[in-house]
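Undergrad: Taking the hints as your guide, dock the two standalone chains into a single complex.
Residue numbers (the working numbering), protein chains in the order written: chain G, 1 to 238; chain P, 1 to 267.
No lab work stands behind these hints, which were simulated from the structure alone. Don't take each hint at face value.
[As the list claims (entries may be wrong)] To give an idea of the chain P side of the interface with chain G (calculated C-beta under 8 Å), a few residues:
1) H5
2) L100
3) S240
Where is the CB? At the ideal position from N, CA and C, for every residue including glycine.
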Amino acid sequence: MNALAIENLSHGLGKRKALSDVSLSIGPGSFTVLLGPNGAGKTTLVSLVTGLYNAQHGEIRIFGHSIRRDPMPALASLGVVFEMPTLDLDLTVDENLAYHASLHGLSRHEARKWASTELERLDVAGRRSDKVRSLSGGQRRRVEIARALLHRPRFLIVDEATAGLDVAGRRRLLNHVRSLCVEGLSVLWATHMLDEIEPADQLVVLHQGSVRWNGEARALASDNTLEAAFLQLTGPKG
Amino acid sequence: MKIRHALRALAGIMRREMLRFVGQHGRLAAAIVRPLVWLGIFAVGFRSVLGLSIIPPYQTYILYEVYIVPGLAGMMLLFHGMQSSLSMVYDREMGSMRVLLTAPLPRWWLLGARILANTLTVLPIVYLFLLLARFWEVRPPGMGYVAALPALTLAGLMLGAFGLALSSLIRQLENFAGVMNFVIFPMFFASTALYPLWRLEEVSPVVAGLAWMNPFSHAVELIRFALYLRLESVALVVCSLASIAFFVLALWGYDPGRGFWARRTAD
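Bound-form chain P, shown alone (with noise of 0.2 Å):
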């Protein structure tokens, strides 16, 4: 593999992922909205849930809109990873994913060009939503924004591998709103993003143990810690390990001797 090829192919993967995420204008608006209305709405009506406690990384008693902002762009991570997903799907099944894997480069540097490239994409309307819930007195300091880049590009990249191992086990388009029900909103309901673990802990230590296994928890306390300027190196370690797992199934779907395409009925 030539360095410079390798470099021109990921670049490009970017600018076709960036236009293609522009040009969904419908999409673009529901990513920096979504977020918007759960702390406008959401958080209102359930202000009561963080009773009073004081829970790291913060230092006093927080409001919830504090709480919930790192879980909210951990959502946008989270459903950005599963709409990237979902075209995965498409391009599949459009046959559009046929022409990024006869590129004469290693499939794995064009899966992982494309995850990178999706959660590039996203970046900037996660920072957009963080600067707009300063609106909602969710103020982290200056540094906490440049220190969250690196946990949100990390939790991003977990969450796209996810999202591709899953698209390498999708046979077909129709499954997906199944993928919706029984992976992405467990994922994010029993975790930390909503509820602190110490409140899930007192109602049910069933689902504040799956909460505590869920790799989303970690992603979204590691952007919680970092926004703050401390590193949850537990996150750190889960999130990284996650990533790797998920990035290896995904190139086992999309193997060429094995996976989804030796299964595929080609005719």
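So here's chain G without its partners, still in its complex pose (with noise of 0.2 Å):
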């Protein structure tokens, strides 16, 4: 079953078309790269598939679920790095991801469980006791991935996660979370930047809020660079 399925997918903000019919599918497994320039949409699909706020056309499903009329399994099944950092600031690492752990259900014994199980793959099990505020935004960043990892979720959402970081952090996060998909895990990676992209990830360009290509990414740069084809899709006559 697929981890997503969004059906023909509209919305507005306003009176501004912020998506317009956008279809995509997510397979179990699967690294999926939702590409595009800022202000093309991503966040509100990501908010959408979130359930913060409903979609006023078309349906969202995340395994099987549909997110409007069955969202408690759609979101235990879930789980999400937002664009804006969302930690607390003045609680420590730990109570972080208590809280975390408390609102999906789960025991204080799973909870420090996968914690640490969570905190040490990332190399940041030595900062549990710190207070959040002292942490790099590095290591802030993988302390996020830690907490929406923290209920086991099977589909993983990432939006724009590596903004602000240095090259090295970028790639340890983006290969972090790669490796998350050989154990089955499936991946929304929403991005805008081209070189987190590899030539076999599944890849959905979105721009000006409808798809605007939805494939491999080695077969959108089979003629040209992936940047040129992706100017091209998203340039002034794309």
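TA: Structure follows, in structure tokens:
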């Protein structure tokens, strides 16, 4: 079953059409890149998929559960890293993770166990008793990834998580999330950075609220560089 | 919704609110110092406000300090409710509201838990104030402190729900100062917190009418009567209905299909 299935999704914010007839699907264990320039509608799409507000038209299903009609099982199988940092700066890493675990109904034992596993994998376990305020930008992002994985979701959405990180930090975060797909996790990686894409990735190019490309990244770049193909899709004539 | 999951989430939300409140030393200090300043300074200057009359639930002539203590307890709840509302707007602007609202639980439960957590967080501070007020000869019966607990809780829930509803209507953090001036101060001053209704009626029937319609007055009276082991049933009904109305308004504001979220510009 597809991790995510979006059919004919349209949504307006005020008079502006933010998304127009968007359809896409993400298979299990797939790493799908949602690529688009700033203002393309990526964050609106993420907000609709996470049920923060309802789409005006169209249908969103997560593992077969409609986010509008059956949101609880859909949200339970979903982990999200939002574009904006969402950690409580004045609480410790552990306290932030415990809060998230409680919202997902984990017992203290489970929360501690999975927090240790994820923080160690992301190499931030040494900072777990520190206040988030004292962490670097890269460490905070890694804590957010750990938090999003705490309740063992089957589908992870990462919205522009590498913004503001240095090259090494970006590479590290990306490699880690890619490695999770090998374990069966489906990932939707929203970004505007072309160098985060690999030829075998599933690629969805979003521009001005509509899907301009949906397929393997290498197919888009077959005749040209990925950058040139992307600019052609999103340029004035695109 | 699984009960165990819902209760764990409630406990987690409560723990977070308490950690945040205790961690904000300035806010904690202000919460206790503010009513003490009113009691220690303001009340001295306004001693003559009450005049000579016996006002229920008191059975004898009372000092002004005795009169305003329930009002100041209400003020603590009002300011705390508004601070929480401010932190909701802040959370929304900063994004951490998204963490709460993407939890796999019904939104009414998540928002209700947040209001309850906020109320229970401030109650120990209110009790500390009530105990310190004994130094000003404000000494309700011992059982009054017990009887005041449900009254303080209901008043806190009502004001918390009011703050939550406001937070869903405020688009930006910057607008909060306007809310303070146009909502909170009139709500506090046009109430029975600082002066009894009959005194207001003497001076301005209009303000007295506003004070009578003000749910905050009823919250204060509920606390006042409970402290002296009496039930003010009108206040109880008004506070209960107002709590429900404010909560429904807040749910509307945070409904994914309507209210604030639907109008939100996300990109």
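Undergrad: Next step is simple, just say for each hint if it's right about the structure.
TA: Consistency of the hints with the structure:
1. The criterion of a C-beta within 8 Å of any C-beta in chain G is met by P/H5, whose closest approach is roughly 3 Å, and the hint holds.
2. The restraint placing P/L100 at the interface with chain G holds, with a minimum CB-CB distance near 7 Å, inside the 8 Å limit.
3. Restraint check, P/S240 versus chain G: the minimum CB separation of about 28 Å is more than 8 Å; hint violated.
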